[in-house]
Amino acid sequence: MYILIILIIIGILFFLLLNILYKKTNYYKINILQSNKFKEIPDNLDIINLGSSYAKYAFDYRKVGVNGFNFGVQPQSLSYDFRILKQYKNKLKKNGVVIITIPNFVFAFLDYPIEEYNYKYYSFLNKENILNYSSLKKFLIKYFPLLLQPKKLKYILKDISKENMDRLTFVENKEDVKKEAQKRINGWMRQFKLLNINNKEELPLDIKNMFIKTQSLLEEMINYSLTNELKPVIVIPPCSKELNNFFSDDFLKEILYSNIEKANKSLIPVLDYLKDSEFQDYHLYMGVDLLNIEGRRLFTNKVITDLKKINYL
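All the letters of the sequence shown, read from the start, carry residue numbers 1 to 313 under full-length UniProt numbering.
Calculated from the structure, these hints are not laboratory results.
A portion of the hints provided could be inaccurate.
Straight-line C-alpha distance at most 27 Å; calculated DSS-like pairs for lysine-lysine [claimed, not checked]:
#	residue 1	residue 2
1	Lys253	Lys302
2	Lys275	Lys200
3	Lys23	Lys158
Here are the computed distance ranges between Cβ atoms for each label pair [said to hold, decoys possible]:
#	residue 1	residue 2	range
4	Asp281	Gln191	22 to 32 Å
5	Lys193	Ile160	24 to 34 Å
6	Lys151	Glu261	34 to 44 Å
7	Leu7	Leu153	16 to 26 Å
8	Leu18	Tyr133	17 to 27 Å
By construction, the Cβ of each residue, glycine as well, lies at the ideal position given by its N, Cα and C atoms.
Start from the sequences, fold in the hints, and give me the full structure.
Structure (structure tokens):
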């Protein structure tokens, strides 16, 4: 019995040690704590952006002469964009600009079905803004995260780089870029059960039905911003030529542009950079669709300049 008790104590101590080590990993800090960036949100902001990975790696306001904050989170749904806006709208000054980032497939889903995707919000959202909120989960995420995500133990042995998504990187070989683009397409086809990405008639019925819900959500976000004396603007982020080449104009109209048009009854500005000639070069991307440091710098400057042209800033 004595030996058993000793073994149990050793096991508990070892488990505690593993959790401490995991919480020190870059993976936990970047993906669960979101690098703690939400602990230092400035007040009286001129501009913010909402969005998923496309937004997270598209905007950097540090050298563009405006007081801005990037609320982009990877991955993220339009629904969570709205929840973040509701919680942090008071960080914006009156008539502050709200960039609603709309990439190609954002209308195809309302929220991610994977529960662990909600865990990252426990560090910066109120409980009413977190899907399936649980006080127990909040406690475990903070103190014993490996109980919820035991597979993440691997990051103790092989962590991700602290700068893995911030450095200037691009795929060197153009053929490799094309392969990377094909992998991206294959991922979307699996995720949304697509048979064809060029024929809009082959879109699954549940995706078409989802469009109605997400159109309504975007319309509500726009109206909410206007009601709160904010200036919403829709920004369609760029992708490399290698990725854009996979999509027909008709398909993009069906999954993206028609949805924006139907949701935008208030006729707020729409800045479309998807195929902008300045951002087709794959050297500006980490892969094929997430901007690297240089791409981010150029794109943020471009958006700020365009917003000034329409007297939004």
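Hints versus structure:
| no. | hint | verdict |
| --- | --- | --- |
| 1 | Lys253 x Lys302 | holds, 24 Å |
| 2 | Lys275 x Lys200 | holds, 20 Å |
| 3 | Lys23 x Lys158 | holds, 14 Å |
| 4 | Asp281 x Gln191: 22 to 32 Å | holds, 27 Å |
| 5 | Lys193 x Ile160: 24 to 34 Å | holds, 30 Å |
| 6 | Lys151 x Glu261: 34 to 44 Å | holds, 42 Å |
| 7 | Leu7 x Leu153: 16 to 26 Å | holds, 20 Å |
| 8 | Leu18 x Tyr133: 17 to 27 Å | holds, 26 Å |
Consistency with the previously given hints is maintained throughout, with no hint failing.
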